[in-house]
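Peer 1: Position chain A relative to chain E; hints supplied.
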Amino acid sequence: DAGITQSPRHKVTETGTPVTLRCHQTENHRYMYWYRQDPGHGLRLIHYSYGVKDTDKGEVSDGYSVSRSKTEDFLLTLESATSSQTSVYFCAIRGQETSYGYTFGSGTRLTVV
Amino acid sequence: DQQVKQNSPSLSVQEGRISILNCDYTNSMFDYFLWYKKYPAEGPTFLISISSIKDKNEDGRFTVFLNKSAKHLSLHIVPSQPGDSAVYFCAASGTSGTYKYIFGTGTRLKVLA
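Residue numbers (the numbering used here), protein chains in the order written: chain E, 4 to 116; chain A, 15 to 127.
Chain A is faced by these chain E residues, among others (derived, beta-carbon under 8 Å):
hint: 1; residue: GLY43
hint: 2; residue: LEU46
hint: 3; residue: TYR105
hint: 4; residue: GLY108
Dumping the calculated EDC-like pairs for lysine to aspartate or glutamate here, alpha-carbon to alpha-carbon at most 16 Å:
hint: 5; chain 1: A; residue 1: LYS114; chain 2: E; residue 2: GLU62
hint: 6; chain 1: A; residue 1: LYS70; chain 2: A; residue 2: ASP45
hint: 7; chain 1: A; residue 1: LYS85; chain 2: A; residue 2: ASP69
hint: 8; chain 1: A; residue 1: LYS82; chain 2: A; residue 2: ASP38
hint: 9; chain 1: A; residue 1: LYS114; chain 2: E; residue 2: ASP59
hint: 10; chain 1: A; residue 1: LYS114; chain 2: E; residue 2: ASP57
hint: 11; chain 1: A; residue 1: LYS124; chain 2: A; residue 2: GLU29
Quick caveat, the hints were computed from the structure, so don't treat them as lab data. Beta carbons are placed, not taken as given, at the ideal position from N, Cα and C, and that holds for glycine.
Just chain A, with the same shape it has in the complex:
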């Protein structure tokens, strides 16, 4: 069973608008969450993180929101730029000590110029 779900395989947004990428998880023991961005033929690169003691974390144009009661997190990109076009993965981990992250299936974002 998929513990981390990204239900939207793709998303298209106009340049300058807000992009909202969503992620749901089922395991209440997850307490650390990450977002990664991936361009074709490259490895995923770290974007932003949030721990379960927070409900929001912001880094420049990127903000991650965590709703623990709903087991839902979202990534907001404002304003969206064409260079943001990539596949975005969310990932979750518990405090097991081995820091094994479970990844979602990814959402392909296309920012239209």
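The shape of chain E in the complex, shown without the other chains:
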């Protein structure tokens, strides 16, 4: 296994509640990413991190925040969940070898009701 785990795997939450998804890696990789996958949109980048406490926005960052207080953990927070944030969320890590791109986690299926 690539050493990346996401938790929880499934979550149902109510509109307006805060939700935090966790990505944990054991590879000591510098770069970590959060994507969401939706039908007709493929994978879209939400936020990414290029080091501890170094994060930046992706193409669909509105309504999301992230934190990275240590190399191994990258947290994605939905401040106030909305139904449009129902999606499958993937975390990815990247080492220095460009040819291998990302290694993805198994995903978190989030349903906002």
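Peer 2: Below, chain A without anything else, positioned relative to chain E:
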């Protein structure tokens, strides 16, 4: 605007034949391209990559071709096997240093036995 496009949402191929999946991009600054395969309820897994200094890269049954002038890449699978049935994503990145990959919307390949 979609910078990476996969215009065929689905493709069906007979077992043993060639599968050709296509991808177009608009940003001439992209210089590294990847293909990922995704099975249901799993994270995407890396398949093959190509950099802009090459026009072909081969790995077993998988070959990726890059036509920079046309801003087009394709993935050839020969021979196709039922286990190849999955969603395939192409992705592109520039040399920004943060290695943010932009993904296409995916093509669902079905290999018929």
